[in-house]
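There are 2 protein chains.
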Amino acid sequence: MSLPDTLTADLRSLLGGRFSDRAADRDHHAGTEAHHMPAPPDAVAWPITTEDVVAILRLCHAARVPVVAHGAGSSLEGNVSAVQGGLSLDLTRMDRILRVSAEDLDCTVEAGVTREALNAGLRDSGLFFPIDPGANATLGGMAATRASGTNAVRYGTMRENVLSLTVVTADGRVIRTGGRARKSSAGYDLTRVFVGSEGTLGIITEVTLRPHGRPDTIRAAVCTFPDAASATRTAIEAIQIGLPLARLEYLDPGCIRAVNAFSHLAEAEADTLFVEFHGTQAGVAEQVEIFADLAGGNGGTAFRWAEREEERSRLWAARHSAYNATVNQRPGARGWATDVCVPVSALPGCIDEAKALLAGTRIPASIMGHVGDGNFHVVFSVDPASSGDLAEAARINDRLVRTALSVDGTCTGEHGVGLGKRKYMQAEHGEALLLMRSLKDAFDPLGLLNPGKIFPDPTEAAE
Amino acid sequence: MSLPDTLTADLRSLLGGRFSDRAADRDHHAGTEAHHMPAPPDAVAWPITTEDVVAILRLCHAARVPVVAHGAGSSLEGNVSAVQGGLSLDLTRMDRILRVSAEDLDCTVEAGVTREALNAGLRDSGLFFPIDPGANATLGGMAATRASGTNAVRYGTMRENVLSLTVVTADGRVIRTGGRARKSSAGYDLTRVFVGSEGTLGIITEVTLRPHGRPDTIRAAVCTFPDAASATRTAIEAIQIGLPLARLEYLDPGCIRAVNAFSHLAEAEADTLFVEFHGTQAGVAEQVEIFADLAGGNGGTAFRWAEREEERSRLWAARHSAYNATVNQRPGARGWATDVCVPVSALPGCIDEAKALLAGTRIPASIMGHVGDGNFHVVFSVDPASSGDLAEAARINDRLVRTALSVDGTCTGEHGVGLGKRKYMQAEHGEALLLMRSLKDAFDPLGLLNPGKIFPDPTEAAE
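Residue numbers (our numbering), protein chains in the order written: chain P, 0 to 462; chain W, 0 to 462.
Just so you know, nobody snuck in bad clues.
Which copy? The list can't say, so a pair holds if one copy fits it or any two copies do.
In silico SDA-like pairs for lysine to any residue, Cα to Cα no more than 20 Å straight-line:
{"no.": "1", "residue 1": "Lys422", "residue 2": "Ile174"}
{"no.": "2", "residue 1": "Lys354", "residue 2": "Val406"}
{"no.": "3", "residue 1": "Lys354", "residue 2": "Ser229"}
{"no.": "4", "residue 1": "Lys422", "residue 2": "Arg175"}
{"no.": "5", "residue 1": "Lys439", "residue 2": "Gln83"}
{"no.": "6", "residue 1": "Lys439", "residue 2": "Ile174"}
{"no.": "7", "residue 1": "Lys354", "residue 2": "Gly253"}
{"no.": "8", "residue 1": "Lys439", "residue 2": "Arg172"}
{"no.": "9", "residue 1": "Lys439", "residue 2": "Ala169"}
{"no.": "10", "residue 1": "Lys422", "residue 2": "Ala390"}
{"no.": "11", "residue 1": "Lys354", "residue 2": "Glu268"}
{"no.": "12", "residue 1": "Lys354", "residue 2": "Leu389"}
{"no.": "13", "residue 1": "Lys422", "residue 2": "Ser437"}
{"no.": "14", "residue 1": "Lys439", "residue 2": "Arg175"}
Keep in mind the hints are simulated off the structure, nothing from the lab.
Here chain P stands alone, though its shape is the one from the complex (with noise of 0.2 Å):
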C-alpha cells in the first residue's frame, strides 16, 4: 500500500526530507518490540511543532488516511503499528523541555521527551519524574498508555502524574485540557480522557506533569523469601499498615537464574524482594525498620540494605535487566508479556497459578511484579517464527487474565490495550464498552486516529 499521490506531495512539500515512505523508515515503525505481527504504516512524518502535526492531520483527514502516533515505539502490545496503513506520525524530535517551575512543582514537555531527558533536564532544579515504565519512553507515549512502573506505589501513575495536555484532534484543531492548577472542577476531565486513550482521539504534542521534590534519604533493598506467598504476604501487610513504599517489586526464582547469566550476577535464587523508601532520613530509618519487621515475620532474610546512589544502581541492576535477561534467553527471541493486575488480596493466588502454568511450559519465563499494585508480568521468551510458542504464551496470559477478570482485576495495569487485549475488551467492561465507543466516534468520527487498537476485532474469537 501506499499514500494517494498528492498526499505524499503535500506532506513532502510541507516536512521535506521529515517525510519518507522508504521501506526502511516504515520497517522501524511497525510496532515490533514485542511479539506482535510488524504491520509497518505507508510513512513516516516527523514533525517538529504542534503545527507541523496540525498541518499534517488536516491533510491526512483530507485525504481519509489513518494516522498512527508514534514515540520511543517501547509499547509491547503492538500499540504503535499500523495495522491499516496510513501515516505513522514520529514524535520523537518534538523533544524540548519547554518550562520547568520548582516553585509550583509542575513542568511542560514536549511529547518526544524521554522519561530520561526529561530527569537529566529536572537535576538543577531538585526535582524528579517518578514514573518508570523500564524503558526510555517518551512522554507522550508514557501519558497515551497510561504507563506507570516501578515506583507507582508511591507516586501514582500517569493518571496521577498529568497536570494538562496539549492535544490536537482528528480533524487538526488544538486544544488545551487543562490549566495548572493542582485540582479543577471546571468541566470534564479531558486530561484523564487523552491520558490511556493510545492515540485513539487525538494527538498529544505537549504534556504538563507533576514532578516530585527528590527525597533527601533513599534506601533500597533486596531480600529473599521461601516461597512467592511470604513475599506477597508481606508486600500485603507493608501496604494496609500504609508503609510508604516507594517501590515493591517481585521477581520469581527463574527470573534471578536469567539475570544471574545475564549480567554476570550471583543473586540467591529464590523468590525476591525488591523495596526502596523515600523521605527524610528519620523517616526512611523508621520505615526500614517496620519493613524488616514485617518481611522477617514472614520468613524473609538475606537482607542487602543500600543508601548511596551507586549501591542502589547495582542492587536494581537485576530488577532493571529483568525483561532483557529473561527474553535473551534464547538468540533470536522476543519477548511476550502479560500484564494482568488485580486487588492486592489476590495477588498471592494469582502469583501461585502463574508459577503452576510456568511449571508445565518448555518456554522459559520469568515472573516479575509490582505486587505494591497488584500488578505482575510473565515474560516469555519466544520464538516470533513458532506458532507452538506463541500460542504456548498465549493460552497462559487467557488464563492470567480470566482469574484477573474473576477477582475485579484488570486485563492490563500498564501496557494497554493496543492489539493484544482487544478481544478481553468486552468481558471487562460489558455495556461500558459502547461507552467508549460513542467516545471514540464523538471525537474521531472518521476512525482515522490508530485504527484497529483498542476495541475489539470482529474477526477475532470473542473470549
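Chain P is already provided as a structure; the job is to place chain W on it using the hints.
Chain W in isolation, oriented as in the chain P frame:
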C-alpha cells in the same frame, strides 16, 4: 409546570410513596444552598436501588423529561437546581455501605451514603475516607462534583480517590466504569469521565472508593502571621520541600472575627494558618519541627499544637464553622462563595487582590483557603433579595476569576460549574469546550440529564 400525566402515573405505580409532586418536596430540591435562584423540579423520586434508577430513567427517557440527580443538596453553584423542570432524583435513600475490604484499602457504597456515615462505618476497619468538603455531602454528589476540601493537599481529590463507579446512562443502561485493580490501562478512563460530570452524563448509583489507613499519629496546629503574604509564603515553602502536609488552611482576620462571634471564641484576629500532619510518631515529630522553622522564618507566632482528638477538634472548630459563621453575620443572608484555584506560586498575589477587593465592599465577607492546593474562597454573606449585593459579589468573583485564568488557573477548584461558572467555561477551555460538548452529546443525545448546567447559557453575556 408538571410532568406528563402518564409519566406521573407510571412513576407513582413504580415508586408509591417514594414519588412526590407536592410543593414542599419540590421546594426542597430547588438547589438553594447558596445564592442561586431556586429552580424546583416538577416532581421528586427517591429510588432505593440501581434497578429503581434504571426504571425511572427509562420512563423519563421515553417521555423526554429531564432528570436531575440530587444528593445532600449542599452544592454551592446551583448544581442540582431543575432549571428546565423535570424530575429530581433524590439518591439519599440509597445509603448502604455495600462492602469494605481493609486488605485492599477499598470499599463500595451506594451513592447516597454521606461522608460522615462512611467514616462511622469504617471506624472498626482502621480506615478512614479523607475527602472532606466541609458539608456532610453524599459520596455520589462528591464524585459528581469532583469535590475535595481540607485533606486534598495530601490525599488528593475525588479524582484520585474514586476507584470505579456504577452508572445508569440517560437511556437506562447500567455500566461499571472499572474494576477493583488499583491501576489499569484497559481502555478509556470512564471513571474520570463521570467524576466531575455533575450528573450531566449519567447517574452515579454506586461508588468504589479508596479509603486510607488511619494514621498512627495526628498533630494539628494554629499559628498567626503578620500578613497574608507571610502565611502563603510559608505554605509555598512547605509544598516545595515536599513536606507531607495533611491539611493546610488559611483564614483571614475577617474570617476569624466572624468565627469568634459565631462560636464564642477569642482567637486572635490575624492572618492564620491551620495545619495538620499525619504519620508515625517520629515522622510527625520531624514534620512539626520543619514546619515550625518555616513558619517562624516568615514571622509566624502564637503556635498552638494539639495531638489528642478532643484538642484537635477544638482547634479545627474555628475552621469548620468558617462558612456558616461568615454567612450568619446577617440574619436571613445566603452564602456566595468564589472558588478559584491557581498555581501555588500565584497564590499570594491572588489573595492580596482578594483582600484589596474586599476592602472596597460593605458586604460581610471572609477569605478561607486550601492554600496547599492553591485554592481559596471568598465567602460573602449576601441578602438574597438585594440585587446590589448579588451584583457586587458577582463583580468581585468576576475579577478573581479573570486573574486566576490569567495565571493558568481555574474558575472552580472544587465547587463545580453548575449554573454559576457556565459563563467562564469558554474563556477557560476555548476549543476544548467543543470536545466537552461532543462528549455530552455522545452520552446524553437528548440532553435530558441535568440540562442547563456546565455549558454556557447562550442568553447569558459571554465573559
